[in-house]
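Enquirer: Below, each chain spelled out in residue letters.
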Amino acid sequence: MYAYDELDRTLVRERVDEFRDQVRRRLSGELTEDEFKSLRLMNGVYLQLHAYMLRVAIPYGTLSSQQMRMLAHVARKYDRGYGHFTTRQNIQYHWIKLEQLPDAMADLASVGVHGIQTSGNCIRNITTDQWAGVAPDEVEDPRVWAELFRQYATLHPEFSFLPRKFKIAVMACEHDRAALRIHDIGVRIYRNGAGESGFEVMVGGGLGRTPFLAKTIKPFVSRRDILSYIEAILRVYNQYGRRDNIYKARIKILVHELGIEKFAQEVEDEWLEMKDGPLAIDEAIVNDIRSRFTYPAYEKLVDNPPELKAAAGDARFEAWRRNSVFHHKVPGYAIVTLSLKEIGKTPGDATAAQMDAIADLADRYSFGEIRVGHEQNLVLPSVARRDLPALWRALDAANLATANVNLISDIIACPGLDYCSLANARSIPIAQEISKRFANPETANLIGRLHINISGCINACGHHHVGHIGILGVEKNGEEFYQITIGGKADEGAQLGALIGPAVPYAQAVDVVEDIVEAYLDLRMRPDELFIDTVKRLGVEPFKERVYATRQ
Amino acid sequence: MTSPLEQKKIKITGPHVVTANRTGDGAVIWRTANKGWSVDLADAAIVRNSDAAKALWNEAIADDVGAVGSYVAPVVIDADGTVKPGNLRERIRVSGTTFELPVAV
Amino acid sequence: MPLVSNGQLNADRFVRVADDAPIPADGAVLVTAQRFLDHAAELLARGAEVGVIWPNNRDIGELAPYLGKLAVVALVFPAFKDGRAYSQARILRERLKFRGELRATGQVLRDQFLFMQRAGFDTFEVKKDADAKAFADSLKRYSVFYQPTGDGRVTAFRQRLARMYDDADLMKGAAAS
Chain A
183 MYAYDELDRT LVRERVDEFR DQVRRRLSGE LTEDEFKSLR LMNGVYLQLH AYMLRVAIPY
243 GTLSSQQMRM LAHVARKYDR GYGHFTTRQN IQYHWIKLEQ LPDAMADLAS VGVHGIQTSG
303 NCIRNITTDQ WAGVAPDEVE DPRVWAELFR QYATLHPEFS FLPRKFKIAV MACEHDRAAL
363 RIHDIGVRIY RNGAGESGFE VMVGGGLGRT PFLAKTIKPF VSRRDILSYI EAILRVYNQY
423 GRRDNIYKAR IKILVHELGI EKFAQEVEDE WLEMKDGPLA IDEAIVNDIR SRFTYPAYEK
483 LVDNPPELKA AAGDARFEAW RRNSVFHHKV PGYAIVTLSL KEIGKTPGDA TAAQMDAIAD
543 LADRYSFGEI RVGHEQNLVL PSVARRDLPA LWRALDAANL ATANVNLISD IIACPGLDYC
603 SLANARSIPI AQEISKRFAN PETANLIGRL HINISGCINA CGHHHVGHIG ILGVEKNGEE
663 FYQITIGGKA DEGAQLGALI GPAVPYAQAV DVVEDIVEAY LDLRMRPDEL FIDTVKRLGV
723 EPFKERVYAT RQ
Chain B
36 MTSPLEQKKI KITGPHVVTA NRTGDGAVIW RTANKGWSVD LADAAIVRNS DAAKALWNEA
96 IADDVGAVGS YVAPVVIDAD GTVKPGNLRE RIRVSGTTFE LPVAV
Chain C
42 MPLVSNGQLN ADRFVRVADD APIPADGAVL VTAQRFLDHA AELLARGAEV GVIWPNNRDI
102 GELAPYLGKL AVVALVFPAF KDGRAYSQAR ILRERLKFRG ELRATGQVLR DQFLFMQRAG
162 FDTFEVKKDA DAKAFADSLK RYSVFYQPTG DGRVTAFRQR LARMYDDADL MKGAAAS
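Protein chains in written order, with this note's numbering: chain A, 183 to 734; chain B, 36 to 140; chain C, 42 to 218.
Since the hints were derived computationally from the structure, they do not count as laboratory data.
Incorrect hints may appear among the rest.
These stretches of chain A come out as covered by chain B in the derived footprint (C-beta under 8 Å, 3 or more residues) [unchecked claim]:
| hint | segment |
| --- | --- |
| 1 | 202–216 |
| 2 | 424–432 |
Okay, the calculated beta carbon distance ranges per label pair [claimed, not checked]:
| hint | chain 1 | residue 1 | chain 2 | residue 2 | range |
| --- | --- | --- | --- | --- | --- |
| 3 | C | Asp207 | A | Leu209 | 39 to 49 Å |
| 4 | A | Asp458 | C | Ala69 | 31 to 41 Å |
| 5 | B | Glu135 | A | Lys259 | 16 to 26 Å |
| 6 | C | Asp79 | A | His438 | 30 to 40 Å |
| 7 | B | Asn93 | A | His438 | 31 to 41 Å |
| 8 | C | Lys169 | A | Pro318 | 54 to 64 Å |
| 9 | B | Val138 | C | Asp170 | 42 to 52 Å |
| 10 | A | Leu209 | C | Asp170 | 16 to 26 Å |
| 11 | B | Val138 | C | Gln49 | 47 to 57 Å |
| 12 | A | Lys259 | C | Leu50 | 40 to 50 Å |
| 13 | B | Asn93 | A | Arg733 | 43 to 53 Å |
Cβ coordinates follow ideal geometry from the N, Cα and C atoms, glycine included.
So here's chain A without its partners, still in its complex pose:
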């Protein structure tokens, strides 16, 4: 957990004061909406169907229990008692009043939380793996670099008015849990053949109207050079990214139009001019950032303590343990996923009461630390295995122990037309219906790992392009229709899903998902062949036939 120092805290306070003044000037008419809009977006303030929405940053998905309690407080005091965790490790409040926002932001700032740059044409929340720092397979803790990048990106004077939004993700494993290849810049920390630690830098990923997967622009950038290299990429983008058409303004379009070799050369030319300047990183700077990360004082524990053995007879506990508990790099500990995908409810939502409960449980069982995943679930990153039964009982009582992590009802969905003014169709009711149809845990486990992603419009905030099953809401003649893709993947084998056929109306969308699942169960070679692998083996055709056989 990174602890803000006085400098970090001061900047957040100064930001709140600036925004308070900007709100005042907006309400008095000194600022027009057109002038104010960019400013409010840079503080995460959107206008939605019913009200303003506030998107609060959870930098690289790490939260302290104290911060979680403040999120609960904001939900209660300024919103309708709940919040929504997003696909970029942020939290959103959907019923915010502009005139109360400066106070809400001041409350958040008191614990080092803010909405800085969670929207707007600037560098957004730096995301990483929700298992960072505790995953068995990582090279080093990517959050130290994510924090360095976060500071670098915050109120950057040159890059606050880019052609479009800019998203950076960082990982430190072979296995990509942060969906690097759908980011504008993806950074993978690794050790090269000579044992040196450095970065593979990928550029030009992004979904939306024209989805692209990121390409490697430079296979190895040293620790010393990574910031100047990122600055070079941003400067090329700032100058040459398109500004005439918002659908062609992301860096992915520039990379595509120039070609990766030419783009890489532009960046290299720029970088050579600046690489020995003040952005060259001194290892002392990295150590300084790392010095403000606290790590748990782990005890020496065993993996199968008596408490765990005693609970093995409880079938519901076992089902949860097998589903939601993951290996930790320290023996005797576990990484626990808290499913925010209650059957029939909105994926990713948590009530203020749940947030408080999670904060208490984090204090009790996870060294006060919580993580947010882009799958819209939460994580307690360091739970002693002997505490799992007690933790489970408490989670179960708070409806945070649905044993559906990575299963069909663990759906990723954007807020959609029920909330969002960009949407063409609803997404949440589709997610709720799917989860109800597959509520039976035996059925869900029979199907196995299956990621469904739902977006209510082409902006793809639900990441539907990279879902094993992707669902995109569109509008036809005032009615909601859904395009369905299969075979998408978000990890290191990233690929975009393939359309299975024409869009179907709202009333049929969930039936189509059932048909796809039934086709998979019929077609799979063995019970443990995953859906995504069956699609890879057989392609779209057999699924298409099945779905459209009875539909015209």
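Assemble chains B and C onto chain A, guided by the hints.
Expert: Using the frame of chain A, we list chains B and C on its own:
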């Protein structure tokens, strides 16, 4: 419900209203016939042709301080004269989400 | 349009000369990029100050040969959301070492003053009178800066390192005595 934020040309047939969000608190509002705003759809001025819609909309967007994101939205009028939202997006703006919120209000 | 330079409202001694108007024999003039490039020798031979208005979609490097002789480079924000001139400004100051007046023109608003100043602008053609009056206050909004630019401010990173070394010196001092 193609986002009305992309509304450029106003071409309407049938009854329409002008709607927006109140600047201070984001509440859903409708433009009235006497140069004001109301949180009640029943008070909305109805326009039935493109010129009238354009005029009402221009009047609304001139109130940059009071309202944000004005646009022209369809309504349906019942036999008894009740004005109702004319598409799913507007129904959601009037009645809220199409599912229960996590916390009862 | 109010001009802010040296942190204060000031009169503009530069006259913008239209492309089809004759260049006056003396007095400070601002001309467009193409006019300047086409008539650089003539302009610079006048013995009076010359400034150029450079568009934000043209490579600022083209001005490099003339920077020692230009009194003003005026960059353009056609919309405040169009941030290309920030990059041009930084290149001018930090790479090309331009030391003359760097002027922000176009849609120049209060909420971008500090970004502009950090990028190297020292003169601002401000859109609104109220913003011009608020200029000094705007620069005081923030005291913490993460990114190194040519503005001379010590970044948070460097402040922290300095503290570390100070502490180290203190400890060395304590150990010695």
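Enquirer: Looking at the structure, which of the earlier hints fail to hold?
Expert: 2
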